[in-house]
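Residue numbers (my numbering), protein chains in the order written: chain A, 1 to 380; chain B, 381 to 433.
To be clear, the hints were calculated from the coordinates, so they are not data collected in a lab. Keep in mind that a hint or two might mislead.
[Unchecked claim] Here are the computed distance ranges between Cβ atoms for each label pair:
| hint | chain 1 | residue 1 | chain 2 | residue 2 | range |
| --- | --- | --- | --- | --- | --- |
| 1 | B | 383 | A | 358 | 18 to 26 Å |
| 2 | B | 429 | A | 139 | 44 to 52 Å |
| 3 | B | 393 | A | 5 | 57 to 65 Å |
| 4 | B | 404 | A | 30 | 35 to 43 Å |
| 5 | A | 56 | B | 392 | 23 to 31 Å |
| 6 | B | 390 | A | 191 | 20 to 28 Å |
Ideal placement from N, C-alpha and C gives every residue a C-beta, glycine not left out.
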Amino acid sequence: MSMNINHKKSAWVILGMTVVICVALTFNYVSMWPDDLILPGPGVTQTKWLSDYVPELKGTKGDTRVFILEGKIPGATIMLLSGHHADEPAGWMSSIVLVEKAQVEEGKLVVIPQANNSAFTHNYPQEAHPQFLHFTLPDGSKRVFRHGSRTSNSINHWPDPEVFVQYPSKQKLSGDEVRNLNRAYPGRLNGTFTERVAYAIKKVLEQEGVQLVIDLHEAQPEYPFINAIGAHPRAQQLATMASLGMQMQDLDLSLEASPEKFRGLSYRELGDHTKAKAVLMETCNPSQGKIRGITDEALVVKGIDAFYVAADKLGRTFVPYNEKGWPLERRMGRHLTAFTELALALTEEEETTFVIQGVPTNEEINAKGVGAYLKKAGAM
Amino acid sequence: MPIYLIVMGAYTLLTVYILYLVISNMFQSKNIWDQLLAVLVIIPFLLRLFFIK
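Here chain A stands alone, though its shape is the one from the complex (with noise of 0.2 Å):
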């Protein structure tokens, strides 16, 4: 179809309104840039960022923040680590919630709830992922977290290879997994971003002695290792402790070995190169699911999904799948509850002490909500 008017004034017209989308979405996009909103509580001692220990990172969006919780009693020192993933939610939102309200007693907690902080600055708007959480304080306040991505943001991090060479044990991985912080321990300083930024986090474990390193994620139901623990070897007793104490309060937690020959990965690395134990655990994040339906802020908070109620039924998940679905807090008080078995665990096998107080239970945090937990914004 054809109409009777000026092309060339329609082309000036079609390349203004181009320009309009295009700046729309550019605001758009760099929404997600700044930093969160954390509001250290009364447990903070020390607010650190990554450059502190790492300098080479100051100014790039590979810096993070590192929250010191330190009691006025020696004791073990544990380490809490979530947001290797900006799409999991259940991990770095426990971390905040210990931030901004548990206080330690005895021993040290160092929190990095946002590992990969550039994984936080884009989204997956192609898998309709939500860019933004939004939490409901007791008070009707509203705190908002950003919903990010698996790995770094390709303008902090470019180009992909076609192949990912992992450093050092030259295991070879997709191209775009070069960007995934999970896969660049040990890291180097001379290295990929992504690889200075683990290297950076590994220095904080040195430089803070950490005897005890937890490193907090979600998986796909569909996915086998989920609702589990993976141990490096040394950690093996450890995690076997807190699987055991998790099933006291009925909460199943299966148990995995770290394998050796998959590099890269946080417990593995972490364990292999540092005097640290370390494990990582999994919950069920359904928006990360291939077989998933409506995908919007709701999956992500409130879990529930009626394809994978069905594919439960078809015996193709490796949860349970019901229709109250898996929300935030369920997730989160899992991983809450698996720290404080850790920590408790820790005590006995290394003689030591760890007392925190202001720690969700799992049954707290899933009859009050994940706002009960957060503080006001604006206070300090």
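Since the structure of chain A is provided, determine the placement of chain B on it from the hints.
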């Protein structure tokens, strides 16, 4: 010069060239619907040129 900078330069030049072709084609076209269709091509290329997804 690191190889990735050479690749990046070539990638950018290619993006600019394709953008030029599509925009010039849009100006030559006398069909408004073809011109509107060009928007769908221009937007992703323009965003790539400025490294905006």
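That 44 to 52 Å hint for residue 429 of chain B and residue 139 of chain A (C-beta), does it hold up? Distance hint for residue 429 of chain B, residue 139 of chain A holds at roughly 46 Å.
Cβ distance range 35 to 43 Å for residue 404 of chain B and residue 30 of chain A, holds or violated: violated, 30 Å
When you take the CB atoms of residue 393 of chain B and residue 5 of chain A, is the distance between them in 57 to 65 Å? violated, 34 Å
task: Go ahead and decide if the range 18 to 26 Å is satisfied by the Cβ distance of residue 383 of chain B to residue 358 of chain A.
output: violated, 51 Å
Problem set entry | Outcome of range test on Cβ distance (residue 56 of chain A, residue 392 of chain B; 23 to 31 Å) | With a Cβ separation near 27 Å, residue 56 of chain A and residue 392 of chain B satisfy 23 to 31 Å, so the hint holds.
- prompt: Does the Cβ distance between residue 390 of chain B and residue 191 of chain A fall inside 20 to 28 Å?
  reply: holds, 24 Å
Violated hints, in rising order: 1, 3, 4; the structure is consistent with all others.
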